[in-house]
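Just so you know, the sequences run in chain order A and B.
Take 1 as the starting number for the first sequence in our numbering and just add one per residue.
Take 1001 as the starting number for the second sequence in our numbering and just add one per residue.
Everything labelled a hint here was simulated from the structure, so no lab data went into it.
One thing to keep in mind: the hints can contain errors.
[What the hints assert, rightly or not] Quick list of in silico lysine-lysine cross-link-like pairs, BS3-like style, CA-CA up to 27 Å:
#1 A:Lys203 to A:Lys216
#2 B:Lys1078 to A:Lys216
#3 A:Lys216 to B:Lys1130
#4 A:Lys216 to B:Lys1182
#5 B:Lys1316 to B:Lys1078
#6 B:Lys1211 to B:Lys1130
#7 B:Lys1211 to B:Lys1078
#8 B:Lys1182 to A:Lys203
#9 A:Lys203 to B:Lys1130
#10 B:Lys1304 to B:Lys1316
#11 B:Lys1182 to B:Lys1211
#12 B:Lys1182 to B:Lys1130
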Amino acid sequence: MAGSIPASASAEIAGAPQRPARPFSPWLDAWRRFRRHRLAVASLFILAAMIGAILLAPLIWRVAINDIDFSAHLEGPSWAHPFGTDDLGQDVLARMLYGGRISLAVGLAAMMVAMVVGTIVGAVAGMSRGWVGPALMWLTDLFLSLPQLPLLLLVIYLFRDTLKAMFGVEGGVFILVVVVIGGLRWMPVARLVRAQFLSLREKEFVEAARALGASKLRQVVRHILPNALGPVIVAGTIDVAAAIIAESTLSFLGLGFPPDVPTWGRILYDAKDYLDIAPHWALFPGAAIFLTVLSINFIGDGLRDALDPRKVM
Amino acid sequence: MDAKAATAEPLLRVEGLTKNFVTGGGLFSRAPDVVHAVDNVSFSVDRAETLGLVGESGSGKSTTGRCVLRLIEPTSGKIVFEDRDVVQLESGALRSLRRDVQIIFQDPFASLNPRMTVGAIIGEALTIHKLARTRREFTERVVELLETVGLQADHMRRYPHEFSGGQRQRIGIARALAVEPKLIICDEPVSALDVSIQAQVINLLEDLQQKFGLAYLFIAHDLSVVEHISRRVAVMYLGRIVEIASARDLYASPRHPYTEALLSAVPVTDPGLRRQRIVLQGEVPNPMNPPTGCHFHTRCPIRKLPLCSEVVPELKQTSSGHMVACHLRS
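Please construct the entire structure, taking both the sequences and the accompanying hints into account.
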């Protein structure tokens, strides 16, 4: 080796990009990266607008959701009814604004349940080197192969009344629906997380952390999980849509919210028989679900990029 | 082991280290395969000394290095660091061992967490071992470490992907230095770097050795790098050490036929110089099913059958001061 080359790295360092000093914060950096993702920013505004409208609706659009008016049934959009009316002459906009609260809350909460459960199961399975990992994967496969509807029936008949007594009618059903939907959607997340963990735990930077004496928990929280979350976030955003639709299935079976609670899925379901004469009735809630899912998906994309410092600004 | 070890206790003493990897062998599958990655390896490292460990890929050198740190659990054998038996350490004591023994990795792109800043990477050891009491002390120590390895204070806020390979390797060295270790396992630390950067990193390692009295177990497959930095060199073949000698002696007069062949393959800078290349026949045998007797007998130019294929040669002191594992050379 050429002994004349100095140990100092001054020459090498000149090559590194020199940036003007700026206040440093990882979160600010993440926000900068997020902002570069135009679709994600637009989606964030759309979702915020929808949530805002849903929350503020009772103050602005003061039409009752159960205001039946047979003289105006199945009317198209007009000034009196911007989104038209349904077969009973109820205002679709008012019903959607009311039902949106439930649909969005169910979708987001069920996604969180699925992601949290899936991540925990996948992480434990991915870190274990003994029998725990295979056992958890058998459990995952078991859940994947369960016939879901009979299971739903059973769970709901067993627990509905207890939960209703504890949290009231809507609160009880909400918890039940979220737990049931989330509880049947965590398996893909668990498999994804486990696969990520299996490859990441052998990486040299994790080995370096072990060599420094980092505990298992520290290895997972600081080193493995942050690098595994990208695909999980994207998978999670798709789950929101699935949860909104699944809720309407439950309502249809009489297992979810009572039929007079107009969740988006429920409105869509009621409208399906009138598609040829009153398409607006299905189009508006359909578009709302579509927009929600699309914007959450783009936000997920943006989030994944924002949390990855390797994405150059 | 060697003559010095009898008088002064070495920093690290490895005796009969063996590591078998078991592959396959589930509930209903066939009998598991066993890979003998490291087979009865013994050596020692003195304080502030560099022991080079060379061998082809698959010879078990990296596994040996990781066993010393217990990143891989050895199957059997004894590893004594100072007065501690590394193999027996419980988790608390193991953590304190990791303040004394550290590791530098081969691939500077895989060995740094892409989602942590350089400051967080270097400072992690300070957090784990509670070496900094205040935020300020933490920052000061990280800056000091960065400057020790030839980087700058403002680099601590950057992410690893913003650095070149050589700079990343310096970050890895700073991370290892954070706990003020006595021994650093260098697992092919320059193999992934350009030749000019290799020299810089090697010189940095030598400077640090002088400054902090570090001992290195320097694993490499590049013989010229090892010759430059090591005081003694051990040569591995298929999980066994075949020869240990001081660097000068080993390179001047190799005793084991495998070492001879290995050294004859090193390119020389003088184009006028003609040397006899020893070209070995065949491939390295499969470590799942290594040859009987001397592992090298299938490819050895001077073998004597049936002795070499039946009796495992022991590593023993020769008249020339080398430790050699060969029936025919002593």
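We went through each hint and held it up to the structure:
1. Restraint check: the Cα-Cα separation between A:Lys203 and A:Lys216 comes to about 14 Å, which is no more than 27 Å; the hinted pair holds.
2. Straight-line distance between C-alpha atoms of B:Lys1078 and A:Lys216 comes to about 26 Å, which keeps the hinted pair within the 27 Å bound.
3. Between A:Lys216 and B:Lys1130 the CA atoms are separated by roughly 17 Å; this keeps the pair inside 27 Å, and the hint holds.
4. Only pairs whose Cα atoms come within 27 Å are accepted, and A:Lys216 paired with B:Lys1182 is accepted, the gap being roughly 25 Å.
5. Restraint check: the Cα-Cα separation between B:Lys1316 and B:Lys1078 comes to about 19 Å, which is no more than 27 Å; the hinted pair holds.
6. With a C-alpha separation of about 24 Å, the suggested pair B:Lys1211 and B:Lys1130 falls inside the 27 Å cut-off, and the hint holds.
7. At roughly 30 Å between alpha-carbon atoms, B:Lys1211 and B:Lys1078 are farther apart than 27 Å, so this suggested pair is violated.
8. This hinted pair checks out: B:Lys1182 and A:Lys203 have alpha carbons roughly 25 Å apart, not beyond 27 Å.
9. A C-alpha spacing of about 25 Å is found between A:Lys203 and B:Lys1130, which places the hinted pair at or below 27 Å, so the restraint holds.
10. Note on B:Lys1304 and B:Lys1316: the hinted pairing holds, with a Cα-Cα distance of about 19 Å set against a maximum of 27 Å.
11. With a C-alpha separation of about 12 Å, the suggested pair B:Lys1182 and B:Lys1211 falls inside the 27 Å cut-off, and the hint holds.
12. For the hint linking B:Lys1182 to B:Lys1130, the alpha-carbon distance of about 18 Å falls within 27 Å, and the restraint holds.
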